[in-house]
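**Student:** Okay, here's what each chain looks like letter by letter:
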Amino acid sequence: MTLETEKAALQHALDLCRAHEAALGDALADIDRRSWVAAELDHLSKADRRLLDQFAYRYTRLQDDMGQRLIPAALRALGEDIGPMPMLDRLNRLEQLRWLPSAEEWTELRRIRNEFTHEYPESPEERRERLEIATHAARRLVEIVGIMERRAGEHGLA
Amino acid sequence: MRLTRQQVESIRRSAQTAFGAGTLVKLFGSRVDDSKLGGDIDLLVRPTHQDHLLRRKLQFLALLEGALGERKIDVVIEQPHDARPIVRVARETGVSL
Chain C
2 MTLETEKAAL QHALDLCRAH EAALGDALAD IDRRSWVAAE LDHLSKADRR
52 LLDQFAYRYT RLQDDMGQRL IPAALRALGE DIGPMPMLDR LNRLEQLRWL
102 PSAEEWTELR RIRNEFTHEY PESPEERRER LEIATHAARR LVEIVGIMER
152 RAGEHGLA
Chain B
3 MRLTRQQVES IRRSAQTAFG AGTLVKLFGS RVDDSKLGGD IDLLVRPTHQ
53 DHLLRRKLQF LALLEGALGE RKIDVVIEQP HDARPIVRVA RETGVSL
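Those protein sequences? They're chains C and B, same order as listed. The first sequence maps to residues 2 to 159 in the numbering used here. The second sequence maps to residues 3 to 99 in the numbering used here.
Some hints could be false.
[Stated by the list, open to error] From the derived model, a few chain C residues whose C-beta atoms are all more than 10 Å from chain B:
(1) LEU4
(2) GLU7
(3) GLU22
(4) THR61
(5) GLN69
[Unchecked claim] Stretches of chain B that chain C covers, calculated by requiring three or more beta carbons in the stretch to come under 8 Å of a beta carbon on chain C:
(6) 3 to 17
(7) 46 to 57
The set of hints was computed from the structure by calculation and includes no laboratory data. All C-beta atoms in this analysis are idealised placements derived from N, C-alpha and C, irrespective of residue type, glycine included.
Please model the complete structure; the sequences and the hints are all you need to start from.
**Tutor:** This is the structure:
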């Protein structure tokens with residue numbers, strides 16, 4: 002691929018992530034507007050359920066698109082040969098290049114993301130804690146997209 | 003049970019670290035069945051510490067990922083008077099590690 006193609010792929014990935022980021026930001030603002038009590042999480046209103054669904058959907062999409070699109074696109078645009086590179090190596094490489102604050106943190110954010118698709122129903126207390134951890138994780142994810150965007154700008158890639 | 007002795011030891015050790023000494027772990031689901039192949043690792047945990055259970059669970063998963071590599075592990079945390087069907091099934095059919 003030429004550099005132009007790689008740049009275009011990176012820009013496309015950034016655009017996708019920005020769209021998730023905007024919707025996630027809206028959901029986070031609405032979530033922050035009220036307090037969430039464990040017992041209530043068992044009997045959500047239709048509006049609250051939609052809000053939490055929107056949040057979970059955008060958080061997982063943002064994390065997935067970052068992992069599957071943005072991270073590989075960034076490495077390719079930087080001229081890295083990532084074909085045979087396992088995910089952990091990709092993350093470590095991006096950390097080295099200072100595009101990612103911490104590879105370890107990223108895998109932690111991914112584990113949190115996986116909690117959204119957990120197949121067993123949790124207890125209300127587990128759900129409340131999950132919401133708290135997830136909103137914190139979502140904010141970190143948004144910050145990381147910001148860092149990657151800045152790096153892309155500095156390298157003339159976006 | 004389709005786990006090696008080393009894997010069982012890693013799971014037990016990780017559970018004690020994340021949920022406290024005396025934590026009980028049971029393997030349930032398809033890994034209990036010797037006639038099957040592959041599959042997720044389903045674990046039922048009865049934790050000693052009852053606070054910040056999700057944080058502890060995330061720590062447990064991180065420790066397991068370090069010890070067993072990246073694989074699909076489902077953890078159900080049993081709470082006092084837990085009446086969820088999944089917990090009942092896991093308690094009845096699971097094997098203590």
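**Student:** Indicate, hint by hint, whether the structure satisfies it.
**Tutor:** Each hint tested on the structure:
| no. | hint | in the structure |
| --- | --- | --- |
| 1 | LEU4 | 32 Å, holds |
| 2 | GLU7 | 27 Å, holds |
| 3 | GLU22 | 23 Å, holds |
| 4 | THR61 | 16 Å, holds |
| 5 | GLN69 | 15 Å, holds |
| 6 | 3 to 17 | violated (count 0) |
| 7 | 46 to 57 | holds (count 4) |
The earlier numbered hint that this structure contradicts is number 6, and it is the only one.
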